[in-house]
Amino acid sequence: MIDLRALRDGPEAFRASQTARGGDPAAVDAALAADERRRAAVTRADALRAESNAASKAIQSASADERPAMIERAKQLKESVKAAEAEQDEADAALRAAAYAIANLVEPDAPVGGEADSVVIETVGELPSYDFAVRDHVQLGELLGAIDLERGAKVSGSRFYFLTGVGALLELALVNLAMEQAVAAGFTPVIAPAVVRPEAMEGTGFLGAHAAEVYRLEADDLYLVGTSEVALAGMHADEVLDSANLPLRYAGFSSCFRREAGSYGVDTRGIIRVHWFDKVEMFSYVPPQEAAAEHRRLLAWEKEFLTKLELPFQVLDIATGDLGSSAARKFDCEAWFPSQGRYRELTSTSNCTTFQSRRLSIRYRTDDGPAPVATLNGTLCAIARTIACLLEVHQQADGSVRVPEALRPHLAGRAVLEPVT
RNA sequence: GGAGGCUUCGCCUAGUCCGGUCUAUGGCGCCGCACUGCUAAUGCGGUUUGGGGUAACCCCCCAUCCCGGGUUCAAAUCCCGGAGCCUCCGCCA
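With the numbering used here as the guide, the letters of the first sequence map in order to residues 1 to 421.
I should point out that these hints are in silico values taken from the structure, not numbers from a laboratory.
Note that this is a predicted model, so its numbers are computed, not measured.
Be a bit skeptical, because a hint or two may be false.
Below, computed lysine-lysine pairings styled on DSSO-like, alpha-carbon distance capped at 30 Å [as the list claims (entries may be wrong)]: (1) K57 x K75; (2) K82 x K57; (3) K78 x K57.
Here are the computed distance ranges between Cβ atoms for each label pair [to be verified]: (4) R269 x R365: 47 to 53 Å; (5) R342 x P419: 22 to 28 Å; (6) D92 x S63: 37 to 43 Å; (7) G165 x T188: 30 to 36 Å; (8) A168 x G208: 34 to 40 Å; (9) A406 x G114: 32 to 38 Å; (10) D92 x E239: 40 to 46 Å; (11) A211 x A50: 53 to 59 Å; (12) S63 x D221: 50 to 56 Å; (13) V240 x R73: 41 to 47 Å; (14) S63 x D238: 44 to 50 Å; (15) T268 x P419: 22 to 28 Å; (16) V240 x A40: 50 to 56 Å.
A virtual CB, placed ideally from N, CA and C, is assigned to each residue, including glycine.
Taking the hints into account, I'd like the entire structure generated from these sequences.
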């Protein structure tokens, strides 16, 4: 449920936010109207319940003579309570639906517009140049015996793959490097479930506009997560966190599954866009007033990791129309893919403020009682895509790949990955 | 897969058999006050959460004993369905 007090106090901000996202500003007024209706229904039902309770109590101390008439009266009250409660339930459901149709408030500084309006706020690292014809990661993966796409397709279908040999080792090395950094920064490492209940999916906002992206296990009414964000947010659902424990930071490793519906023909080559990949995700719970600062920290940790891998990248401030319903602000790090001659998204960090915590009921203690926390997430390493980028950027003329310094300790000291064929 | 036990206001817990006196007991923790060189200890008081009323406070009303239904004038308590945890058996490793 969105913050109705904020909505009542300042509907203009929500209307403006909806408009900036390319959403419907009228949804705000629909929610306000639903709120009014619900309040009226609750007031009626409360009054009837009070009357009914009093009637039942009176029966206890009534004499045998009075009883039959009083019970008759109480029966009638019971019926009207039932009717009023049905109305209340209806109004509740309507309000919920109306409120859920409103996306999170965008941060005022976020660039307004669609995908093309996202702003490059920083460029890090020098673009590499090669005095030979660059290979793409598919060719390199094959030469190194690292990626087997054909057999992936044979076993699981298109957009699945095997990581083999150094490919498998690269995944483990990246996970270790990412976890090492996260732990050093104070994150609690987590191996998170990749299968979750509907509430977790709903609460994190993944069953809204992007429901078609999600794998559902029909027989068990469970979902495969597209990111461990879902499990890491659901982890503290229905809890009141001790403010002394904030910020609470987790680095979660899990497999991620995406149907990639509607992206047929896009990125069909290689392991840049796949139905399954593993990922280390950062997730923070902080007081709302610290969310913006935490967001910058998450971005800084993402940059640190890409820098360790010696990958040139740029940072985008994502435009309002491209935020998704839960994010108030989002920064993407796009790394350079030499074979494509352009930057592609490798990591992404979102400030969801209290959008998720309201739906999942995650609060923290304040002097004024429990209040929703802010939740933020950021990719530390999306492994398949990172491997693809890594192979391409650090490739050499003979098809070998130089291993960035930071990764070597996690690859038994290897400095170069050599072709196996 | 089978059988049984369990789930109560941060944590633990009484209450459930036999419906109303539950406005849910007690302990721990926490907050406030008192006392005390300080701390500790002790004493007294407070402490579920959500919704609504109120300018605000005091306070009042409604809901809330895992969730959803049902029975009843009345449900923590009885009935049905579901979830989770635990134990044992089976199966697998």
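Comparing the hints with the structure gives:
1. K57 x K75: Holds. K57 to K75 sits at ~13 Å (cutoff 30 Å).
2. K82 x K57: holds (18 Å)
3. K78 x K57: holds (13 Å)
4. R269 x R365: 47 to 53 Å: holds (51 Å)
5. R342 x P419: 22 to 28 Å: This hint holds: roughly 26 Å between Cβ atoms.
6. D92 x S63: 37 to 43 Å: The hint (37 to 43 Å, Cβ to Cβ) holds, given that D92 and S63 are roughly 40 Å apart.
7. G165 x T188: 30 to 36 Å: About 32 Å separates the Cβ atoms of G165 and T188, which means 30 to 36 Å holds.
8. A168 x G208: 34 to 40 Å: holds (36 Å)
9. A406 x G114: 32 to 38 Å: 37 Å Cβ-Cβ, so the 32 to 38 Å window holds.
10. D92 x E239: 40 to 46 Å: violated (23 Å)
11. A211 x A50: 53 to 59 Å: violated (41 Å)
12. S63 x D221: 50 to 56 Å: holds (54 Å)
13. V240 x R73: 41 to 47 Å: About 42 Å separates the Cβ atoms of V240 and R73, which means 41 to 47 Å holds.
14. S63 x D238: 44 to 50 Å: Roughly 47 Å apart at Cβ, these two residues keep to the hinted range, so it holds.
15. T268 x P419: 22 to 28 Å: holds (25 Å)
16. V240 x A40: 50 to 56 Å: Violated: the Cβ-Cβ distance is about 30 Å, outside 50 to 56 Å.
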